[in-house]
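Protein sequence lines, in the order shown, are assigned to chains A and B.
Residues in the first sequence are numbered consecutively from 252, following the numbering used here.
Residues in the second sequence are numbered consecutively from 252, following the numbering used here.
Because the hints were derived from the structure by calculation, they are not lab data.
One thing to keep in mind: the hints can contain errors.
One copy or two, it doesn't matter: identical chains are merged, so the pair holds either way.
Straight line, CA to CA, 27 Å or less: simulated DSS-like cross-link-like pairs of lysine-lysine [stated by the list, open to error]:
#1 263 x 291
#2 661 x 588
#3 588 x 641
#4 684 x 588
#5 547 x 377
#6 588 x 575
#7 660 x 684
#8 471 x 377
#9 471 x 547
If you're wondering where the values come from, they're calculated on a predicted model, not measured in any experiment.
So the chains spell out like this:
2 protein chains.
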Amino acid sequence: MPTQETILQLIKVVGEAHAITNLEDMSPYTTEWRGLWTGKTPLVLRPASTDEVARIMAIASATGTRIVPQGGHTGLVGGGTPTDNGEEVVLSLSRLNRVREVDAEDLSMTVEAGCTLQSVQAIAEKAGLLFPLSLASEGSCQIGGNLASNAGGLNVLAYGNARDLCLGLEVVLADGRVWNGLRKLRKDNTGYDLKNLFIGSEGTLGVITAAVLKLFPRPKTVETALFAVPSATAAIALFNALKSASNSSLTACELLPDIGMEFTARHFGLRNPVATQAPWYVLAELSDATPGVLEKVFGTCDVSDAVIAQSEQQRVEIWDLREKLSESQKPEGGSIKHDISVPVSRIALFIEQASQAVTAAFPGARPVCFGHIGDGNLHFNVSQPVGADKQVFLDQWEAMNDVVFALVKKHSGSISAEHGIGRLKRHRMTEIKSTVELDLMRSMKAAFDPHGILNPGRVLP
Amino acid sequence: MPTQETILQLIKVVGEAHAITNLEDMSPYTTEWRGLWTGKTPLVLRPASTDEVARIMAIASATGTRIVPQGGHTGLVGGGTPTDNGEEVVLSLSRLNRVREVDAEDLSMTVEAGCTLQSVQAIAEKAGLLFPLSLASEGSCQIGGNLASNAGGLNVLAYGNARDLCLGLEVVLADGRVWNGLRKLRKDNTGYDLKNLFIGSEGTLGVITAAVLKLFPRPKTVETALFAVPSATAAIALFNALKSASNSSLTACELLPDIGMEFTARHFGLRNPVATQAPWYVLAELSDATPGVLEKVFGTCDVSDAVIAQSEQQRVEIWDLREKLSESQKPEGGSIKHDISVPVSRIALFIEQASQAVTAAFPGARPVCFGHIGDGNLHFNVSQPVGADKQVFLDQWEAMNDVVFALVKKHSGSISAEHGIGRLKRHRMTEIKSTVELDLMRSMKAAFDPHGILNPGRVLP
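Please construct the entire structure, taking both the sequences and the accompanying hints into account.
Put into structure tokens, the structure is as follows:
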């Protein structure tokens, strides 16, 4: 627990107006938005500059104070929520929200960690360009958190994940020193790749304070279609046909289950634009593609029906079906989540086996599986049986994870495709990583954060 | 120097038939192909499997034997050539050349480190797919070396460098343990990014023994053009117009200088297909682009003339002009090389300033600057003055580097865009890296290779 003296020292860095010590104002920083993770902290610090972050870390390092870096606090694995022990000081990056530069000529922008993803997208658009990272929480998540967790989302297929969209970083180290790696270069082979080491390390190796992001030309044409298909196997075949016909023009390819259409209709009144009901749907989007690809695959693939958006409004309506899927599970009661990935060729088999295994072990449980086909990334969520007790169902979280993760391992998949490890899956690391890999990770942690003050108890088992 | 006992132990691992101890047979392993780097070694080991590499490293670790991992020995910075002191054992990966798997469905292949780049390309092609890494030495360089040095080449613009083309690695660590990171997944957020740390570390952190590579659909249409432009500024504007019109369909965009055309004509009899002579030329290639882009930019950009390849033979002839550039400098005498990058927007200004600075400081020196426009990567080579003494000219290598690198720094560029640091630029690291960055690199080296036996004296100053 930090001493009163340490707390006063830390408050002095940011000024009293930007340090939160009363319980009520702290609540957004100590309670995760779904309420799944809550914790306690003696202090929330809201620095305004890299220099203030550096001074905070220098004090933390000297006093052994544990620091939890926090962005928009939208993470799903408990990485940014302080623990219950009340020893962890929250370091919010929200006030580091300046756009330092937009460089339209070099297709890059330099932004501070606290910029929301949506604001980054909007600034790129204002410059006539595209920042393609896109995910459900984009209105509130912050780019620093996106990078710390290597966020994925809807356009990874064509543009890559957060890692691929970042050219350079500025990072405050555990001891308060600043690594200035804010490079704009497309090629630079001078030494070890520090940038990618910090990205995805979930705040355990350093505090990301700014980043140089890649921008892209905005596509001139966007075509969006919703296909009804008879099976997951047909969905994968359709993806392969689209990919083969349009290559990098295929900028999104999402799998939606029929039960999801039922949920979004029931709870949000959304209309399925495809007339024919089918077990699965594929939402595909092409950017700047040679014309005729959608029509061609419709003619040659095992597709029972399809609709191509004829207006921006129809396009938005189709996307709405995908984006409301997760939310539409809420009124159906408890949902046990699995953010997994498998090789694309295994998707159909995995879905079949996991659905069977889950419904056999948990009778009445309703798999609601959707995801990003091209990335092999499935959100294998499972809604509770109709009329069951929510808490009793949720108490089976780990038991159901065991069933699903066993199949993930069988298909050489990942138990965390895009959400990270945080605290939620930390105890699984010894199951999925070799001793060699864990040793290497521990040696890096020891090298970067010898006193173990940066987001302790996350990622590493 | 390894003892006789250690040498015998090491030979026993690979068998006498695969250990080289006589000077003559060693020469390809101790002399770099251009003859710029030569060294001595007591032993060249040619293991056939990951297990043999692991046993070699275990012995090396126990005995403090220094190991130089070597692929096709085509590197340009002395990284894979043993030093003069005769203490370094060469570990050739050439016999690890099995293709472990081609997975056309998941667009990946798993290959061992010793496969040549050309064989990897050919195997992908045989499966109807594309492995896009392409560079001058592809006939002899090996994929393990490509990854260890994060090779770039001609298609980085659209497909990325070696790092971007790799999904997973198998690495033997300094102590002989094996890290199996042979993952095929497109998304996997479970812990620190070890893969990217090994890639580009030039054999100083571990020995890459196998890799999972990304494959792509082969483009259905390829259009290749050579444009004559009045200035480097016009070349950049042309690149921007092409990029904006065709986005990811622009798969190559190379800058060629008039003096290069003169050299390739004089020494290889190559014909410039563009009728109008101009100070600069741009070689652009589009894959699966919407038709008409080349014609459109010709009509709207500052282009004095252009030719579009009408056959595969014409395409090959155009590419030949680019690929023979470096070689065509040889009959012109000594050439001092600079593999640099700057932000794309600075290319024209950099070329102007560097050409002026070099010809002012070294009268008669002839800049032959070519490179990859979209990556900001220029090979700012400088041929000796006509009739000058080759060695006297080459003795000015460091002095000319000083002049050019000063401008690289001014434009926030990199002094090694794609060739790496090796031994050639190691002494420059303290000039270009902050103390913080060098400290972080050293702490990683200490964590991964505590006895300093892996490629010592490379990369780190």
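How the hints compare with the structure:
1. For the identical chains of this complex, residue 263 and residue 291 are intra-copy neighbours only, at 21 Å inside a copy versus 60 Å across copies, given an alpha-carbon limit of 27 Å.
2. In this assembly of identical chains, residue 661 and residue 588 lie within 27 Å of each other by CA distance solely inside one copy; the values are 19 Å within and 50 Å between copies.
3. Taking the shortest Cα distances, residue 588 and residue 641 sit within 27 Å of each other inside one copy (14 Å), while across copies they are farther apart (68 Å).
4. Proximity of residue 684 and residue 588 under a CA criterion of 27 Å is satisfied intra-copy only: 21 Å inside one chain copy versus 44 Å between copies.
5. Taking CA atoms no more than 27 Å apart as the test, residue 547 paired with residue 377 passes between copies only; the shortest distance there is 26 Å, against 35 Å inside one copy.
6. Proximity of residue 588 and residue 575 under a CA criterion of 27 Å is satisfied intra-copy only: 16 Å inside one chain copy versus 56 Å between copies.
7. Within a single copy, residue 660 and residue 684 get their C-alpha atoms as close as 11 Å, which meets the 27 Å cut-off; across copies the closest is 41 Å, which misses it.
8. Proximity of residue 471 to residue 377 under the C-alpha cut-off of 27 Å is restricted to the intra-copy arrangement: shortest distance 15 Å within a copy versus 34 Å between copies.
9. Taking CA atoms no more than 27 Å apart as the test, residue 471 paired with residue 547 passes in both settings, with 21 Å inside one copy and 15 Å between copies.
Checked against the numbered hints given earlier, this structure breaks none of them.
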